[in-house]
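> So the chains spell out like this:
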Amino acid sequence: MIKFLNVFFIFIIATIAHWLAIETFGQYGIILGVMFSFTLVMATKLSEFGGYLFGFLSGLFLDFFGNNLFGANALAFTWVLFVFYIIDDKIDFRDSAPQMVITAVLNMVLLIFYGLISKFFIGEFIWQGFVNFVVGSVLTGLFLPVIYFVINKYLSWGPLRNINEAKRFF
Amino acid sequence: MKQKISALERGYSKVLPAVFTILALVIMFLPLQSIVVSTRSILTYIFIPQIRASHRITQYTKDALDSTKDLLNTADKNLKLREEVSNLLLENAQLESLFAENKRLTESLQISSKEKWKGLWAKVAYREPSRRGTIIVDKGSQNGISLRAPVIAIDQGKVGLVGKVIEVSPTTSKILLSSDEDFSVAAFLSESKKEGLALGDAKGGMFIKYITLGQDLTEGEKVFTSISSAIFPDGILIGYIGPHNTQKIEDSFITAKIVPVVDSNAVNEVLIMPALNLPLGEIKK
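Protein chains in written order, with the working numbering: chain A, 1 to 170; chain B, 1 to 285.
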């Protein structure tokens, strides 16, 4: 239960950070993939099931607040996590440099997946602009080490310390 | 680095993306519009505190940044102002010495010195629609206003002529604006040292006439009230000589347009100076 509550707490923090990013960067037309960053970090902390579930719910959360195809974000998050788990087996995600590069690239992949899904289901490729595609993804990549550091810190002194050491839980 | 995962977990990891994909597709295909709308409403209520919190954090950060910027700007301005104050103090000291010198020379030449312009500030209470060239102000004879009192005003930091008092009641006064065609004042040109008569024109502007022929008037040359004016103290800025193409020769005199320093039709507050009220033939001191 305590594990679940901690993950839920992180999810809530992710949503706050998401709104914060929207408030701050939205005025410049840039959408930061905060929920996506949290998903990637949690994917390294949780079991695959936990990771997929966290990603699915994060996507669903974005779908609830979006006006487009409901479920599209959840599906895009699932597919990107699938790609991420393939990469994660080959690259050490604990270093900042790979974290930033992988996140930026995967954020671009996510936006393309989302566009393709919307194209397939509603016949319209939903595109949030080239600037957002590049700058938003790069910024998401740059912010990820911070999120990774914060979550790592939280899990290292929280009740999940032992579980964190074992890396996989939930 | 990587933990070893069991065969069960490996098999399970192949199934998981498919399971969540199917789940997402099901969500997409099911007619969930009403549920989504309801859930969104509920979630909005749940997330309102978070939205507010993030908004507050953003606002706080923005305010803090703005305050810091303001503080830095203020410090910078303060430095500049201090420098300006030092310069002004220096200038003031120089002016005091010039004033003393002027006083001494004036006394030695036995000419009258200029008095400080004093007066009473009045607010424009009414503009007569039938006659654009006059205004009514909220001060009258009870406040010491008398007929023919000169009126000046400040417009964009410059002091200039506005007109003269033509009617006085106990609480109000009517001012004839310098732009009215009935208005006239003896004027003096600052550079060419020539005298003329500044008049209002029918279009609400001003012009100067009876300038003796000689050199052309310079555009932008300052036009002041002349010492020969019976109503106005000398040295009040009326305006500037207009462009060359507005200058013409009429009856062996130059006539030129004046660009008034104060837009008398737009003033809201005026300074009414004490009237000179000179009987005819008396010399102004």
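It is worth saying that the hints were derived from the structure and are not from the lab.
Among the hints, a few may not be true.
Here are the simulated distance ranges between beta carbons [unchecked claim]:
(1) 131/A x 204/B: 46 to 56 Å
(2) 66/A x 85/B: 53 to 63 Å
(3) 131/A x 70/B: 49 to 59 Å
(4) 9/A x 84/B: 55 to 65 Å
(5) 153/A x 67/B: 52 to 62 Å
(6) 142/A x 30/B: 35 to 45 Å
Since the model is a prediction, treat every value here as computed from it, not as a measurement.
Think of the CB as a built atom: it goes at the ideal place given N, C-alpha and C, for glycine as much as any other residue.
> Compare the structure with each hint and give your call.
Tested hints:
Checked against the given bound of 46 to 56 Å, the beta carbons of residue 131/A and residue 204/B, roughly 53 Å apart, stay inside it. Between residue 66/A and residue 85/B the beta carbons are some 58 Å apart, a value that agrees with the proposed interval 53 to 63 Å. Range check, residue 131/A to residue 70/B: about 30 Å between beta-carbon atoms, so the 49 to 59 Å window is missed. The given range of 55 to 65 Å is respected by residue 9/A and residue 84/B, whose C-beta atoms sit roughly 57 Å from each other.
Between residue 153/A and residue 67/B the C-beta distance comes to about 30 Å, which lies outside the given range of 52 to 62 Å. Between residue 142/A and residue 30/B the CB atoms are about 38 Å apart, so this pair conforms to the stated range of 35 to 45 Å.
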